[in-house]
Amino acid sequence: MRPRPGLRASSGLVWMALAVVLAVALVFGVSSGRGPLTASQRAEAIDSVLKCPSCDGISVADSSASTAAAVRQVVLARVREGQSDTQIEQYLETRYGPSILLRPPTTGLTAVVWVVPLLAGAGGIGGLGLFFWRRRRPLEVRVTPEDRALVDRVLAAHEHGAAGQPAPPRR
Amino acid sequence: MTVAATPGTAPPVDPGDAGPSPGTAGARRGRHTARWTAGGVLLVIAALVALLATRPPATATEVATPLLGKPAPSVSGTTLSGGRFGPSAYRGRWVVVNFSASWCPPCQQEQPALVAFAYHHRAPGDAVLVGVVYDDSTSSARAFASSSGATWPSVVDPGGQIALRYGVRGPPETFVISPSGTVVAHLDGAVTTADLDDQIAAAHAAGL
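Chains as they are written, first to last, in my numbering: chain A, 8 to 178; chain B, 279 to 486.
No lab work stands behind these hints, which were simulated from the structure alone.
You can take every hint at face value.
Taking beta-carbon pairs under 7 Å as the criterion, some of the chain B residues facing chain A (in silico):
{"id": "1", "residue": "PRO344"}
{"id": "2", "residue": "ASP413"}
{"id": "3", "residue": "GLY437"}
{"id": "4", "residue": "LEU442"}
{"id": "5", "residue": "GLY445"}
{"id": "6", "residue": "ARG447"}
None of the values given here were measured: they were computed from a predicted structure.
Built from N, CA and C at the ideal position, the CB exists for glycine as well.
Model the full structure from these sequences, guided by the hints.
Encoded structure:
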């Protein structure tokens, strides 16, 4: 059954409202907290993506181990020297290897963990688009001569009924 | 709950005491198998415990480090005896840098081997052993060094910055450095004198 025009209009309004809310949230999320970071804030952000060298799966920011404290000290000192996040991460990689980064590398086999979510997201968006496109597409109804003959017969019977003739039995 | 037997009624019968019947014989066989299985499992566990308890203690393993083949970070600072230690003390010689702590059992285990290594290489110009105190108080480290007969300089590393420059994750870790100042080996765990001599000999043979 096709939705009534009024219903379709209100559904469109709901989608538009949702899109506006999403856009506003995105703009707000991206723009808020974008002020210049202090050295400590930058160092903390870097610490949170570094793995504590002597712990299992805990970030440098969350660990109280002496190795984590040493890394925090180096990160803060290098931030104050004006080094970029990448430079600091690269320096620590030259000491501990790539395992110092909590973020998996984008090369080799671990690239899969980056590619799969992207593909899944693209597939999901594509699937949703296809779903809505198919919903909005007008139905293609082919009227055959038999259909026309049937309609004519029913109309003719209706006219007979209106003129005082008994209506033909419903099928 | 106990049920008293009354005249005219049969006393309750323990299924285990019942006479031989196909069902009870099967149950007995099942219990028999279970006992044998439990005994076998116990035997395996006992064998494993005996194996783990009697095998020789874990020794050092060679572990990759990004520093291999790279210039060794310098080791300098105040020693446990209060003196200054710097690269001038080991430049142009084979150097063994050992990170250890008094609280670490493998460090205690390897200490006699390090004492022996230092003794064998005591000649002027021979390989130098340098200790770095890892996450330990100076007093504990000093007591540990003197009680174990350590004669080599041990540098105090208050902020763990020497350990960080070497990418140390936990003691004991040992680095072998060639006379040209290149890291040629990284050993994780308790080392033996042979481990160190073999690493130096191999690097020497490779022309490092």
